[in-house]
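Novice: Each chain is listed here by its residues.
There are 2 protein chains.
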Amino acid sequence: MKESLDFIYKEQKELSTFSRIAALLGWDQMTYMPKMGALERSEQSALISKLAHEKVISDEFWNHIQILSNNKDNLSEKDKAVIVRLEKDVEKSRKIPSDFVEKMSKTTTLAYQAWEEARGKNSFKIFSPHLEKIVELEKEYCGYINLPGPQYNTLLDDYEEGMTVDILKKEFSYLKTNLVEMLEKIKSSHIYKTQKKIDIKINQENQKKLCQIVFEKMFLTNDKARIDISTHPFTTSMGSDDVRITTNYGRENPLFSFFSTVHEAGHALYELEMPRNEFKDTVISDSPSLGLHESQSRFWENMVARSISFWKHFYPIFQEVSGFRELDLDKWCKLVNQVKPSLIRVEADELTYCLHVILRFELEVDLMDDKLQISELPEIWNEKMDEMLGVVPQKDVEGVLQDMHWSGGSIGYFPTYAIGTIYSSQIYKKISEINTNMQSEIEQGKFENVLNWLRENIHKYGRILSADEIIKKACGEGLNSKVFVNYLKDKYYNLYDI
Amino acid sequence: MKESLDFIYKEQKELSTFSRIAALLGWDQMTYMPKMGALERSEQSALISKLAHEKVISDEFWNHIQILSNNKDNLSEKDKAVIVRLEKDVEKSRKIPSDFVEKMSKTTTLAYQAWEEARGKNSFKIFSPHLEKIVELEKEYCGYINLPGPQYNTLLDDYEEGMTVDILKKEFSYLKTNLVEMLEKIKSSHIYKTQKKIDIKINQENQKKLCQIVFEKMFLTNDKARIDISTHPFTTSMGSDDVRITTNYGRENPLFSFFSTVHEAGHALYELEMPRNEFKDTVISDSPSLGLHESQSRFWENMVARSISFWKHFYPIFQEVSGFRELDLDKWCKLVNQVKPSLIRVEADELTYCLHVILRFELEVDLMDDKLQISELPEIWNEKMDEMLGVVPQKDVEGVLQDMHWSGGSIGYFPTYAIGTIYSSQIYKKISEINTNMQSEIEQGKFENVLNWLRENIHKYGRILSADEIIKKACGEGLNSKVFVNYLKDKYYNLYDI
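So the protein lines, in turn, are chains A and B.
Going by the numbering used here, the letters in the first sequence line up with residues 675 to 1172, in that order.
Going by the numbering used here, the letters in the second sequence line up with residues 675 to 1172, in that order.
Warning: the hint list may mix true and false statements.
If several chains are the same, the list does not tell them apart, and a pair holds so long as it fits within one copy or across any two.
[To be verified] With a straight-line Cα cutoff of 25 Å, these simulated BS3-like cross-link-like pairs (lysine-lysine) come out:
{"#": "1", "residue 1": "K795", "residue 2": "K1103"}
{"#": "2", "residue 1": "K898", "residue 2": "K795"}
{"#": "3", "residue 1": "K1008", "residue 2": "K859"}
{"#": "4", "residue 1": "K780", "residue 2": "K729"}
{"#": "5", "residue 1": "K684", "residue 2": "K777"}
{"#": "6", "residue 1": "K709", "residue 2": "K954"}
{"#": "7", "residue 1": "K729", "residue 2": "K684"}
{"#": "8", "residue 1": "K724", "residue 2": "K687"}
{"#": "9", "residue 1": "K724", "residue 2": "K684"}
{"#": "10", "residue 1": "K954", "residue 2": "K780"}
{"#": "11", "residue 1": "K1069", "residue 2": "K780"}
{"#": "12", "residue 1": "K762", "residue 2": "K777"}
{"#": "13", "residue 1": "K777", "residue 2": "K729"}
{"#": "14", "residue 1": "K780", "residue 2": "K898"}
No wet-lab data here; the hints were simulated from the structure.
Produce the complete structure using the sequences and hints provided.
Specialist: Set out below in structure tokens:
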């Protein structure tokens, strides 16, 4: 037992180190790597993936896990928690052949490069053969894991353990109906019809300053966190005390870089709070699902940073740094929460955002079910945009080519954005009930209590519990899109005087 | 044979990938990593080193090498070259016990921390016990490898294969005598006595622009090369098409960032020209010595970028970008080549630079020969500074504690700086003979022919030949400090009107 325990902790430590190295390889590729480094970078990432995978699926590792699993009653609570989680993960990984992992890694690195080129040339054709390969590989993958129900369940499970097409179809169909209905109502409102598009232009230097200020207000100091620039914002960790987010100051409108920074900072706070001490460098020191991770970013982005309370505190700072003084606080808050159906998911407002996600979910399910060909994607994408949002991309860059996820082989990932968004509304409801001072604290720029609640009720569990268990424990019920719809109705019917 | 060949090429490919990953880990640590990432980063680097070392010394690898080595006559020229080189490298690595590697790694990690602390507190005593240990370990290391002659030969050989104390004592003693003599003459000259210290201040943004311009003029485009910022400038490659240099814009005087950029760009050009095609990802695709590598950086820094011809082209650009117009071209060139004995090696002028290196060489040889105690180092350091340069450090930070090399266990490394400098003058002499248009090409900012000569006569060999063989082939003779002395006399007696 002692030997087995020593072995599995040593292996988990090395696996954790491999994953940090992989994170750096990925981060550098998205931020600083010269273009021509791509091919060899793909080989580097593939080698690390291969070594990690070999370790995970080694018979020696599995045998030690089995010894411990068969002696669970003699283990400490901590060791038991680790073994339960580890056995589940390793069992799944052992179903995947090593050469498949390497193949997938190489394919996706090249696909990412092709996606970037396709975007530059606005040509889906440059990307489509790569996507074709990725979908094939995803099907091969589903064959290895083979969860019950549609193949897509297997993909979902990697990001949102236990989630199924059935559950999502139910939640998303309720959500879609309500969002489309709300959007119609809002579009018919007087305020919507008379609301102007206001062009705020702030130079990159000042955008950067604003992002840095809000980042530090969220307790993200430069000794353990940093902001860099990439096409698509993301968060990654190279160590338990080294978290990196990215944003993009390329748009003159500062709202993109600002809210994406707050969003990623929400992820970063969760990353820095993963269980340490006894659980450091174990399979527990991670998030149980991407949806739960997304709940943290969405919570900070929407419930905190788009609130009137937040801007009571931050608008003077914003005005000071940017020199922008054209709007009063009330008009500013309306602008920040302006509903406006648009083409790009990452630029979508809070209300229409989930429609973008549902669109991708529907396409992915159909792709995996062979109800849709890759070549049909651009057209069907546009049809669905028209149907749900009433806007149609004129170029694939504004449509099917806008997100990098598919290039990374992340089919089944998108739904977690909506799951996280729904979770965030449930968390918001709960904190509001428990801490009646929350709004006045936020008005003073004090986020300690909010963060502490998240730490105590979400972060501290790592993967000891599933996302579903954590949300149930924290909020009293599992995923419930009704809470989100109610939250939106409260907020937006008020903003649009409906 | 076929199986052995496949195996050794596969292994070399993975070793090359490991070294690229290690390069990224190191580069990130020096450029962007948040401070608190340090501990886990050291674990990440150690894991990659361990995996690479295990691979190099594995019996399986050695057996395949032996099979091929015993059948050299049946190998292609290419395979033969690879096997000869590989056998030599691996044989050396196999002589070193794994626990020694670990001991050295732990000792140097602590020594580096102590060195930093010692610098902060200006106290050599904090560092000296660590240096004591390192010297002991270096001796242990020499015992394993055990090259003929003084132990220091073994250390030298790691950086400059084939180089010996005997050769260096001869070359360096000639060089030292002549440099000291030239320095005396220059110090007695009218120009030296009346030459003022001119403070040029250029903001970081403009320093950055100037560095970027010269970088691109040296054919280093952003699709395969970039400049970042670190405390100490360095060059590293994450791929055969991904080379990164660093500089530092922290000093207001732009000469540091500018010349360090040209210097590192010289290294970068060599890195990008390492043999590809059949030799890619083999032990051949590297430089045979640090001295030869340094010859490339010194050549571009001193022979090109400090020349009057270069500034005829670049001074108008420099003035345009920086707004600095206080000096005419002649005075500017005198400033850029101003001789001024100083305490810090990395800030030394072209003429006095090698005296700093010779000082370290003399100390290292005596340390390894037990002719010098660690405790005597600061005093002897200062005596030698006085003797050679006529300046004496008032603090150990400006003396014996100034360089990090010893804390990293790099005894035997310093001489390569002088070797490279001497080589660079030999290269310059040769190119000047062959291409009589060189100066007028440089005056027009055209460096193609210079680079092509370096490619054809230095870069293309990788490690097929030794540094000595390459220099002999390219310049007609081996290391010759007389050529360097003549070059310096020509240049500086002219500048100082002697």
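Novice: Take the hints in turn and mark each one as holding or not.
Specialist: Results for each hint:
Taking CA atoms no more than 25 Å apart as the test, K795 paired with K1103 passes in neither setting, with 45 Å inside one copy and 49 Å between copies. Taking CA atoms no more than 25 Å apart as the test, K898 paired with K795 passes between copies only; the shortest distance there is 21 Å, against 38 Å inside one copy. In this assembly of identical chains, the alpha carbons of K1008 and K859 lie at most 25 Å apart only when taken from the same copy (17 Å versus 76 Å across copies). Within a single copy, K780 and K729 get their C-alpha atoms as close as 19 Å, and across copies as close as 23 Å, so both meet the 25 Å cut-off.
In this homomeric assembly, K684 and K777 come within 25 Å of each other (Cα to Cα) only across copies, at 17 Å, whereas the closest approach inside a single copy is 28 Å. In this homomeric assembly, K709 and K954 come within 25 Å of each other (Cα to Cα) only across copies, at 19 Å, whereas the closest approach inside a single copy is 35 Å. In this homomeric assembly, K729 and K684 come within 25 Å of each other (Cα to Cα) both inside a single copy, at 11 Å, and across copies, at 20 Å. Taking the shortest alpha-carbon separations for K724 and K687, both the intra-copy value of 16 Å and the inter-copy value of 14 Å come in at or below 25 Å.
For a Cα distance limit of 25 Å, the shortest separation of K724 from K684 qualifies both inside one copy, at 18 Å, and across copies, at 14 Å. With identical chains, the CA atoms of K954 and K780 are at most 25 Å apart between copies only, with a shortest distance of 19 Å across copies and 30 Å within one. With identical chains, the CA atoms of K1069 and K780 are never at most 25 Å apart, being 28 Å at best within one copy and 54 Å at best between copies. In the homo-oligomer, the alpha carbons of K762 and K777 lie at most 25 Å apart inside one protomer (24 Å), although the nearest pairing across protomers, at 34 Å, exceeds that limit.
For a Cα distance limit of 25 Å, the shortest separation of K777 from K729 qualifies both inside one copy, at 17 Å, and across copies, at 23 Å. Proximity of K780 and K898 under a CA criterion of 25 Å is satisfied inter-copy only: 20 Å between copies versus 31 Å inside one chain copy.
Hints 1 and 11 from the list above are not met by this structure, while the remaining hints are.
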